[in-house]
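Asks: All chains should be built: construct the whole structure from the sequences, respecting the hints.
Quick note, the sequences are listed as chains B and A, same order.
Mapping to the UniProt record's numbering: the first sequence position 224 is 224, numbers consecutive.
Mapping to the UniProt record's numbering: the second sequence position 222 is 222, numbers consecutive.
In case anyone wonders, no lab produced these hints; they're calculated from the structure.
One or more of the hints may lead you astray.
It does not matter which identical chain is meant; a pair holds if it fits inside one copy or across any two.
[As the list claims (entries may be wrong)] As a list, the in silico SDA-like pairs of lysine to any residue whose alpha-carbon atoms are at most 20 Å apart:
no.	residue 1	residue 2
1	K280	R75
2	K8	T115
3	K280	N327
4	K32	A47
5	K280	V16
6	K130	P314
7	K130	T149
8	K280	P77
9	K8	A114
10	K8	G118
11	K280	E221
12	K315	Y293
13	K280	I324
14	K280	R326
15	K130	R108
16	K280	R262
17	K315	E194
18	K280	G254
19	K280	E325
Number of protein chains: 2
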Amino acid sequence: MDKPATIKDVAELARVHAATASRALNPQTRDKVSPRTAARIVEAARALGYSPNSAARSLRTRTSSVVGVVIPDLRNPVFPPIVRGVEDALREAGYLALLGNTDGDAERERDLLATMRGQQLAGFILATSKRDGVPLGPDVSVVLVNRRTDAGDVASVVADSGAGVRALVNLLVERGHSRIGHLAGPQDTSTGVERYRAFLDGLSAHGLTPSGVEFCDAFSEQAGYDATRRLLAGGVSVTAIVAGNDMIALGCYGALAELGLRCPEDVSVTGFNDMPFVDKQRPALTTVRIPHYDIGYEAARLLLERIADPSSPPKRLVLPVELIERNSVARVALSDPPNARTGQN
Amino acid sequence: MDKPATIKDVAELARVHAATASRALNPQTRDKVSPRTAARIVEAARALGYSPNSAARSLRTRTSSVVGVVIPDLRNPVFPPIVRGVEDALREAGYLALLGNTDGDAERERDLLATMRGQQLAGFILATSKRDGVPLGPDVSVVLVNRRTDAGDVASVVADSGAGVRALVNLLVERGHSRIGHLAGPQDTSTGVERYRAFLDGLSAHGLTPSGVEFCDAFSEQAGYDATRRLLAGGVSVTAIVAGNDMIALGCYGALAELGLRCPEDVSVTGFNDMPFVDKQRPALTTVRIPHYDIGYEAARLLLERIADPSSPPKRLVLPVELIERNSVARVALSDPPNARTGQN
Chain B
1 MDKPATIKDV AELARVHAAT ASRALNPQTR DKVSPRTAAR IVEAARALGY SPNSAARSLR
61 TRTSSVVGVV IPDLRNPVFP PIVRGVEDAL REAGYLALLG NTDGDAERER DLLATMRGQQ
121 LAGFILATSK RDGVPLGPDV SVVLVNRRTD AGDVASVVAD SGAGVRALVN LLVERGHSRI
181 GHLAGPQDTS TGVERYRAFL DGLSAHGLTP SGVEFCDAFS EQAGYDATRR LLAGGVSVTA
241 IVAGNDMIAL GCYGALAELG LRCPEDVSVT GFNDMPFVDK QRPALTTVRI PHYDIGYEAA
301 RLLLERIADP SSPPKRLVLP VELIERNSVA RVALSDPPNA RTGQN
Chain A
1 MDKPATIKDV AELARVHAAT ASRALNPQTR DKVSPRTAAR IVEAARALGY SPNSAARSLR
61 TRTSSVVGVV IPDLRNPVFP PIVRGVEDAL REAGYLALLG NTDGDAERER DLLATMRGQQ
121 LAGFILATSK RDGVPLGPDV SVVLVNRRTD AGDVASVVAD SGAGVRALVN LLVERGHSRI
181 GHLAGPQDTS TGVERYRAFL DGLSAHGLTP SGVEFCDAFS EQAGYDATRR LLAGGVSVTA
241 IVAGNDMIAL GCYGALAELG LRCPEDVSVT GFNDMPFVDK QRPALTTVRI PHYDIGYEAA
301 RLLLERIADP SSPPKRLVLP VELIERNSVA RVALSDPPNA RTGQN
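Replies: Here it is, written out as structure tokens:
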């Protein structure tokens, strides 16, 4: 095989000093070189197949160009577009993403973080954290994605849960619903507690109180199924259920079908996230769209900022959401005579 | 903060020599230590929060405990369970997964592989490769996932495309179909060409020939939509369409709906992969289930074998598939009088 290209070869081809080439090829110093020159150097490096020995650089600088991305489970459809956004933003800056799943298990998360820390990573993006803090020291650059801490001491990117849930409640009330229940997400997560509070606030703004709340121990279909069974087993009468997220809503669909209740004719259901394929469910799910890809992309951008300047204050970014009306919410028209059209044709 | 724990601290707590502790904590030498002793050492390391300095080890051994996982796009629902299987198998061996998306773009793939190679990775799992080979030298440990090369010179884990497509064709013929078209996947991929050949073989076994074949330039919904429009624009009359995979089948659903053709009443459609949520489509898709998670898991196991013994011959693993009958295939009963039951009740 050919001798591998060196930084000097790259500098020569790009007609710059070796030090300039080195700066341009290191994501952490690239902004010290003019964009046009940096582009020429990157092009030259590519043409020569130049590959910086990152292991050597890592040992010298004590960090690598690799970021740990820790999520509960990639098979939850919310995460692939978030992770894709993270990876795209990292790649643009010459960084790579080391991916790990925790299944929401604290021990698995501890192990994973310890193994990742052994790699001298540049920082972490965590989608797993609880409200009470992150299991990493203050010496580590961290951005939370789709989560935040109560103390607000960690940088984060989230969607506007409050605005989303209030929009869902307003829609239900407009459609005539007043007996509305909630399947709340886990209350040790920021999204679980923020959506629950927004549900109470939203009802309160219309002078209503909840017709039943059940708490799910996970943002999962199974937890949504179980919570729906508990909600309705108590003899609670609701015409609508606001689920903590889409997965919980799908579990609710399953439980309603088993109980012989039709959605939306008997019970309207709403979700949260607009994850892929909920538009293809029966009925298509009315939900709140969060900008999954942008959340991941912005989280990676924030992390790169923090890596460049670890002393900067932790920003908290809230991205807007959008109400997506489909077919899982019916109008309640109490004054209609029952079966008004029966017998006419 | 406390001084970080050293390998000596770990050895002392586990009552072994430092060399034994070191072997037990290195995935590549762990099997030289008895499982019980290794477990005790790992437990001691965890208790002390010991984190091996992998960057230093990497420079010494010229490889890390990190594997590159390269896929087209994580947002294609086939990949999350595969990647999750990869990550689980790697984690069990103390390895981590560096994830990258290529969008099927050759230049993006070259860049990504060059950047990853700069990290002295232990090996690669590629879901992106074409039939003509892999863009990595023979000095690199590689396993292909859901893909293989014509030459068979690279280790791979795939599902049995041939058996799956033949089962679909048999089902259609049993249901009375004889005018069957195919929306073939890209012919520079092994799955595209293997399924196309199996389609021809399957028809031939029943003395049939294809009623039209269109080739998709990607395994995507858009490509499936376009190919369906081309197939039917030519005035081809089919009662069933075998799509190259589920994404292509979803594009076919969209095109049929636009053309005012009902599925399955006018045209039956089949997919391939049984990706998440095709059971919730309208109609629920008849398809072939591949063991996504197992494919990923086995690919990582194969790669770890090759890392341990790079001179071993490249294994090719084919995993069995399962026909999943849902509602997208109708019976064609040419001899039934039309609307036979009309007027009887």
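Asks: Now, for every hint given, state plainly whether the structure supports it.
Replies: Going through the hints against the structure:
| no. | hint | verdict |
| --- | --- | --- |
| 1 | K280 with R75 | both (18 Å within a copy, 16 Å between copies) |
| 2 | K8 with T115 | between (35 Å within a copy, 18 Å between copies) |
| 3 | K280 with N327 | both (11 Å within a copy, 15 Å between copies) |
| 4 | K32 with A47 | neither (22 Å within a copy, 43 Å between copies) |
| 5 | K280 with V16 | neither (55 Å within a copy, 58 Å between copies) |
| 6 | K130 with P314 | within (17 Å within a copy, 44 Å between copies) |
| 7 | K130 with T149 | within (7 Å within a copy, 45 Å between copies) |
| 8 | K280 with P77 | both (14 Å within a copy, 14 Å between copies) |
| 9 | K8 with A114 | between (37 Å within a copy, 18 Å between copies) |
| 10 | K8 with G118 | between (31 Å within a copy, 17 Å between copies) |
| 11 | K280 with E221 | both (16 Å within a copy, 14 Å between copies) |
| 12 | K315 with Y293 | within (19 Å within a copy, 37 Å between copies) |
| 13 | K280 with I324 | both (13 Å within a copy, 19 Å between copies) |
| 14 | K280 with R326 | both (10 Å within a copy, 16 Å between copies) |
| 15 | K130 with R108 | within (15 Å within a copy, 36 Å between copies) |
| 16 | K280 with R262 | both (17 Å within a copy, 16 Å between copies) |
| 17 | K315 with E194 | within (19 Å within a copy, 51 Å between copies) |
| 18 | K280 with G254 | both (15 Å within a copy, 12 Å between copies) |
| 19 | K280 with E325 | both (13 Å within a copy, 19 Å between copies) |
Comparing the model with each earlier hint shows violations of hints 4, 5; every other hint is respected.
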